[in-house]
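Protein sequence lines, in the order shown, are assigned to chains A and B.
Just so we're aligned, residue 1 is where the first sequence starts under my numbering, counting upward by one.
Just so we're aligned, residue 1001 is where the second sequence starts under my numbering, counting upward by one.
One or more hints might be untrue.
[What the hints assert, rightly or not] In silico SDA-like pairs for lysine to any residue, Cα to Cα no more than 25 Å straight-line:
| no. | chain 1 | residue 1 | chain 2 | residue 2 |
| --- | --- | --- | --- | --- |
| 1 | B | Lys1117 | A | Gly117 |
| 2 | B | Lys1029 | A | Ile133 |
| 3 | B | Lys1117 | B | Glu1099 |
| 4 | B | Lys1027 | A | Val161 |
| 5 | B | Lys1029 | A | Asn183 |
| 6 | B | Lys1115 | B | Val1130 |
| 7 | B | Lys1026 | A | Lys194 |
| 8 | B | Lys1077 | B | Ile1028 |
| 9 | B | Lys1117 | B | Ser1091 |
| 10 | B | Lys1029 | A | Glu173 |
| 11 | B | Lys1117 | B | Ala1134 |
| 12 | B | Lys1029 | A | Pro168 |
| 13 | B | Lys1092 | B | Arg1046 |
| 14 | A | Lys194 | A | Gly117 |
| 15 | B | Lys1077 | A | Glu173 |
| 16 | B | Lys1026 | A | Asp184 |
Source of the hints: derived by calculation from the structure; they are not laboratory data.
Because the structure is a prediction, the values reported are computed rather than measured.
Take a look at the letters that make up each chain.
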Amino acid sequence: MEDLSLHILDIAENSINAGANRIVIRIEEDPGRDIYSLSVEDNGRGMDGEVLTMAEDPFFTSWEGRRNGKRFGLGIPLLKQTALECGGEFRLDSEPGRGTTLFASFRHSHVDRKPLGDLGATMLSMMCGHPEIRYVLFYDAIGSGATGGGFHYGFDSGALVEELGDTPVNLPEILLMVKDSINDAISQGRQQAKITAKSHNRF
Amino acid sequence: MNKGGNPKGGTKKEAFMRRLTIDDLKKIKEQYEATFTLRHGSYRARVTIHMGTCGIAAGAREVMSALVEALAEAGVKDVVVTASGCAGLCSKEPMATVELAGQAPVKYCQLDAQKIKRIFSEHIQGGSIVQEYALVMGSETSY
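This is chain A alone, in the form it adopts within the complex (with noise of 0.2 Å):
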């Protein structure tokens, strides 16, 4: 994956092949104390135990091949992998029947810290491909300094849906609005709160 936002739609995917209607994504942006994390919170139908330790395993699948042997799910090994060459945390808590949270954070100024990427088009897409999904998507940046500051956005799939009403939410003009509103915003918020990383990392 080139950037942390294809991570993001990777992992929504899991959580939508496990039924949930509802996915929180939340990003968080902290220079200061050096931390970039993510999660993904879905009310899918959960793992217990067993699966859950198994589901890092990039050997390891869920899926029974209908045909011959199986397919191997690589998308959570992968971002655990990320996570842990950039000096980061990986955590997947998962319970029956409740959903399941993926967290990962990185060292903001990690050389190996992917960039966030087109976090609009990942929207897009899981709004393209599964409509039938609330979408909440929130992005908090903590300003370093001595000026503080910092901003905050978020975005809720479900206050357009009953904005529209009857309409569909995958139009294509709504999805392209709602990619460049999400790019729009945070890329404002992060210049406005000057969020910049400590090292060469240019991203």
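Take the given structure of chain A and dock chain B to it, following the hints.
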């Protein structure tokens, strides 16, 4: 929304949608409702973008964004775009399946933004398969 208007409502929703204004949504809604009767709720084509881990890593998100852009530019409303998982041909990703109503599905492979736009104009709009990018025609039962 102007500064003076609507003291009680609106603030929460505005916070949720910055550039996405309620006015814009209303316009889209009215437009949609005005053309709804013409469409009888049926779709002319269905495009499935394969979005497993392999597809996403290979660029499926850009393919989907480009297709949505092409649909919006052409003002096409009777093409449905969906996502599916890994089809088992990870090395051929990003892949997309194009299915025109009443015709056999065509799988395209190793796509990018330009290729899907060409497929949109030639296959979905024009009705002729882009053979250079096509992998296979017909359905399979493995996914």
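So which of the earlier hints does this model not fit?
7
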